[in-house]
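Which chain is which? The protein sequence lines are H and F, in order.
The first sequence: position 99 = 117 (our numbering), numbered continuously.
The second sequence: position 56 = 730 (our numbering), numbered continuously.
It should be emphasised that the hints constitute simulated quantities derived from the structure, not laboratory data.
From the three backbone atoms N, C-alpha and C, an ideal C-beta is built for every residue, glycine too.
Just to be clear, a hint being listed does not mean it is correct.
[Claimed, not checked] Just so you have them, the derived chain F footprint on chain H, three or more residues with Cβ under 8 Å:
id : stretch
1  : 56-64
2  : 85-97
[Claimed, not checked] List time: in silico SDA-like cross-link candidates among lysine to any residue, alpha-carbon distance up to 25 Å:
id : chain 1 : residue 1 : chain 2 : residue 2
3  : F       : 773       : H       : 72
4  : F       : 773       : H       : 31
5  : F       : 773       : H       : 64
6  : F       : 778       : H       : 74
7  : F       : 778       : H       : 89
8  : H       : 75        : F       : 724
9  : F       : 730       : H       : 118
10 : H       : 75        : F       : 766
11 : F       : 773       : H       : 114
12 : H       : 27        : F       : 781
13 : F       : 773       : H       : 81
14 : F       : 773       : H       : 88
15 : H       : 75        : F       : 754
16 : F       : 773       : H       : 68
17 : F       : 773       : H       : 35
18 : F       : 778       : H       : 57
19 : F       : 773       : H       : 33
20 : F       : 773       : H       : 21
21 : H       : 27        : F       : 718
22 : F       : 773       : H       : 89
23 : F       : 773       : F       : 693
24 : H       : 27        : F       : 719
25 : H       : 27        : F       : 713
26 : F       : 733       : H       : 20
27 : F       : 778       : H       : 129
28 : F       : 773       : H       : 71
29 : F       : 733       : H       : 81
30 : F       : 731       : H       : 40
31 : H       : 27        : F       : 715
32 : H       : 75        : F       : 733
33 : F       : 773       : H       : 58
For reference, the chains in residue letters:
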Amino acid sequence: DSGVTQTPKHLITATGQRVTLRCSPRSGDLSVYWYQQSLDQGLQFLIQYYNGEERAKGNILERFSAQQFPDLHSELNLSSLELGDSALYFCASSVAFEYEQYFGPGTRLTVT
Amino acid sequence: TQLLEQSPQFLSIQEGENLTVYCNSSSVFSSLQWYRQEPGEGPVLLVTVVTGGEVKKLKRLTFQFGDARKDSSLHITAAQPGDTGLYLCAGVHTGANSKLTFGKGITLSVRP
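Using the sequences and the hints, build the whole thing.
This is the structure we're talking about:
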């Protein structure tokens, strides 16, 4: 158990819909990272937050957005969902900017 | 463009065999990490190598960082069924706030 929690574990929704994925970092960690994992693309970095502020952006689509709240939990919002958005979404956390990130168990999103 | 190429993509071996897998890039990284991911779970950090030529051992696993810090290898001695999983390498970019670039992974199956 990494100490990072993610909800829900599974999510099935239809194209065009919007969903919110939630992540709680390890106690004491200020940085949160979001990743998307698919069979063809592997694990792709989406976005990083540090203490409530956006810190780095990766391959995140404009239809996706995220935020980190004062209690340090984070949410990833996915809108206008397409079939290709079906993937595992992972959250990771670290104390600050160290490269040792701890991953949560992931949310499996299926878009039908 | 996949910055980190892992090979082989799939490997199925008998318990007790030795194996070596590779992670290659044309880019230089400040450090490189190896993760293992089991089905339904998030990646778990195994090791971080920082110095060119560095060798680190974790029980039966030996990790080496290339002299030019562009590639890495993972050698497993006397593989066990518990070694089964997806092995991911991730490069840390210099000065990029710990942004990780992942390879697509190597799926290892160790048969009893």
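Hint-by-hint comparison with the structure:
no.: 1; hint: 56-64; result: holds (count 5)
no.: 2; hint: 85-97; result: violated (count 0)
no.: 3; hint: F:773 with H:72; result: 13 Å, holds
no.: 4; hint: F:773 with H:31; result: 30 Å, violated
no.: 5; hint: F:773 with H:64; result: 10 Å, holds
no.: 6; hint: F:778 with H:74; result: 21 Å, holds
no.: 7; hint: F:778 with H:89; result: 33 Å, violated
no.: 8; hint: H:75 with F:724; result: 24 Å, holds
no.: 9; hint: F:730 with H:118; result: 16 Å, holds
no.: 10; hint: H:75 with F:766; result: 15 Å, holds
no.: 11; hint: F:773 with H:114; result: 12 Å, holds
no.: 12; hint: H:27 with F:781; result: 23 Å, holds
no.: 13; hint: F:773 with H:81; result: 22 Å, holds
no.: 14; hint: F:773 with H:88; result: 23 Å, holds
no.: 15; hint: H:75 with F:754; result: 39 Å, violated
no.: 16; hint: F:773 with H:68; result: 13 Å, holds
no.: 17; hint: F:773 with H:35; result: 30 Å, violated
no.: 18; hint: F:778 with H:57; result: 8 Å, holds
no.: 19; hint: F:773 with H:33; result: 30 Å, violated
no.: 20; hint: F:773 with H:21; result: 21 Å, holds
no.: 21; hint: H:27 with F:718; result: 18 Å, holds
no.: 22; hint: F:773 with H:89; result: 23 Å, holds
no.: 23; hint: F:773 with F:693; result: 29 Å, violated
no.: 24; hint: H:27 with F:719; result: 21 Å, holds
no.: 25; hint: H:27 with F:713; result: 13 Å, holds
no.: 26; hint: F:733 with H:20; result: 21 Å, holds
no.: 27; hint: F:778 with H:129; result: 22 Å, holds
no.: 28; hint: F:773 with H:71; result: 16 Å, holds
no.: 29; hint: F:733 with H:81; result: 44 Å, violated
no.: 30; hint: F:731 with H:40; result: 36 Å, violated
no.: 31; hint: H:27 with F:715; result: 10 Å, holds
no.: 32; hint: H:75 with F:733; result: 36 Å, violated
no.: 33; hint: F:773 with H:58; result: 21 Å, holds
Consistency note: the structure conflicts with the earlier hints numbered 2, 4, 7, 15, 17, 19, 23, 29, 30 and 32.
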